[in-house]
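Colleague: End of the sequence shown sits at 445 in this note's numbering; the numbers just go up one at a time, nothing left out.
Be careful, since some hints might not be right.
For each label pair, taking beta carbons as the anchor points, the in silico distance ranges come out as [what the hints assert, rightly or not]:
1. A233 / D106: 45 to 51 Å
2. D327 / S94: 47 to 53 Å
3. G261 / N55: 17 to 23 Å
4. G390 / H323: 23 to 29 Å
5. E388 / S95: 49 to 55 Å
6. D327 / D102: 23 to 29 Å
7. P11 / R103: 18 to 24 Å
8. T229 / A442: 39 to 45 Å
9. G390 / E152: 48 to 54 Å
10. D438 / P49: 15 to 21 Å
11. D156 / T229: 54 to 60 Å
12. D421 / P49: 21 to 27 Å
13. A442 / R209: 48 to 54 Å
14. A300 / H323: 21 to 27 Å
Derived by calculation from the structure, the hints in this document are not laboratory data.
Note that CB positions come from ideal geometry on N, CA and C, so glycine has one too.
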Amino acid sequence: MATDARGGTNPIPQFPADFLWGVSTSAHQIEGAADQREPSVWDAFTAEPGRVKDNTTATVACDHYHRYPEDVALLRDLGVGAYRFSISWPRVQSSGGLDFYDRLVDELSAAGVRPVPTLFHWDLPLSVETEGGWLRRETAERFAEYAALVAERLGDRVSKWITLNEPAEHTLLGHALGTHAPGKQLMFDALPVAHHQLLAHGLAVRALRAAGVTDIGIANSHGPTWPATDEEADVEAAGFYDVLLNRLFADPILLGQYPEGLGELMPGDVEADLKVIAEPLDWYGINYYAPTSVGAPQGADIEFGGFTLPAELPFSVREIEGHPVTDFGWPVIPEALTELLTSFRDRYGDRLPPIVITENGCSYEGIDDQKRIAFLDGHLRALHRALEAGVDVRGYFVWSLLDNFEWAEGYARRFGLVHVDYETLKRTPKASYGWLRDVLRAQHP
1 MATDARGGTN PIPQFPADFL WGVSTSAHQI EGAADQREPS VWDAFTAEPG RVKDNTTATV
61 ACDHYHRYPE DVALLRDLGV GAYRFSISWP RVQSSGGLDF YDRLVDELSA AGVRPVPTLF
121 HWDLPLSVET EGGWLRRETA ERFAEYAALV AERLGDRVSK WITLNEPAEH TLLGHALGTH
181 APGKQLMFDA LPVAHHQLLA HGLAVRALRA AGVTDIGIAN SHGPTWPATD EEADVEAAGF
241 YDVLLNRLFA DPILLGQYPE GLGELMPGDV EADLKVIAEP LDWYGINYYA PTSVGAPQGA
301 DIEFGGFTLP AELPFSVREI EGHPVTDFGW PVIPEALTEL LTSFRDRYGD RLPPIVITEN
361 GCSYEGIDDQ KRIAFLDGHL RALHRALEAG VDVRGYFVWS LLDNFEWAEG YARRFGLVHV
421 DYETLKRTPK ASYGWLRDVL RAQHP
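I would like the entire structure built from these sequences, with the hints used as guidance.
Modeller: Now the structure itself:
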């Protein structure tokens, strides 16, 4: 029986018997063994002084490459039904690169944990970037070839696949603002990156289908956008932000069209590309962390969520007051997850396939992480309310299994259910790990 945030015995409501419970990680953040793969854009980015706040790299990270049996044992003991990990494209391009994922998939299968690989989680091979990266259409075609290669090797044991992770953040942070790899500051000239990632998704879906894969989704980040005030300028700015971060990546996939005014800004034969981008999915993945309050520009740079948003953007992000925040400064508002899911159902109707929450988690210090327990408790209840409201949600993945390399934040943010000592690499399950294990046991008595 799970305890609630007050320490009582208010159990998490029962989810459907076939509901998929899992945890998530990504290759660059945990694998290490950088000498066993080709360089990625993140290797080049973190080698530049000042790019990462603590000037660290993911050369070793959690050393999951060598310690994966220990980590799979943690998954087995936790009782999750699935493990969402990502496959490193740079590792696959190196000699024997798929051997590691062969071993990992076999280990997961033996432990009774369903492998759910993500084909791209931001670590583009540096060799592909030097040829133009996501600014070139050819990268989408190369991604489809890579997807086919992975499916041919693992498809006999992997039955659930994810094409891309968070193309919105990779476009905005990596190519528009330059705060993530590859560090480009293109502002709105980064829009081709969005289009080519979406095209890569559609081409990969076709490649996976051709390889016999039948359970395919994408992991897009979404959250409610709240106008800072009822003033017209704030409402308009919030609407623009919502289009940019939510609909730009959902509408083409689910509706086969870009939001008004954006299609003509994209490169190539957009109408033909949209037919590829809108290849039917078996499910739609949503990464949710927090809502965003947005208003009109304020004429100055703004610090938001660990990033600097420049003054020239046509919106400004505001603080949401009256709610607790994580160590990352993100507001904790579980009910916004219910709002997000019901709004997706209302917006997309029968064009929306079943939903899987592919990431949800929080950054807190400490092994006795009661605040993380409260966060997960609140969000699971909010998710259940969405189910009760008729939203078809089929699964939930916690971010993350392990503390890890948190991109431009380095090792300063801890999202894991399991504490990692970065000096010794010792794993220590946190209080939240035990809490979630108890929740899962209660779900399947």
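Colleague: Okay, which hints does this one fail, numbers in order?
Modeller: Going through the list in order, the structure violates hints 1, 2, 3, 6, 7, 9, 10 and 13 and respects the others.
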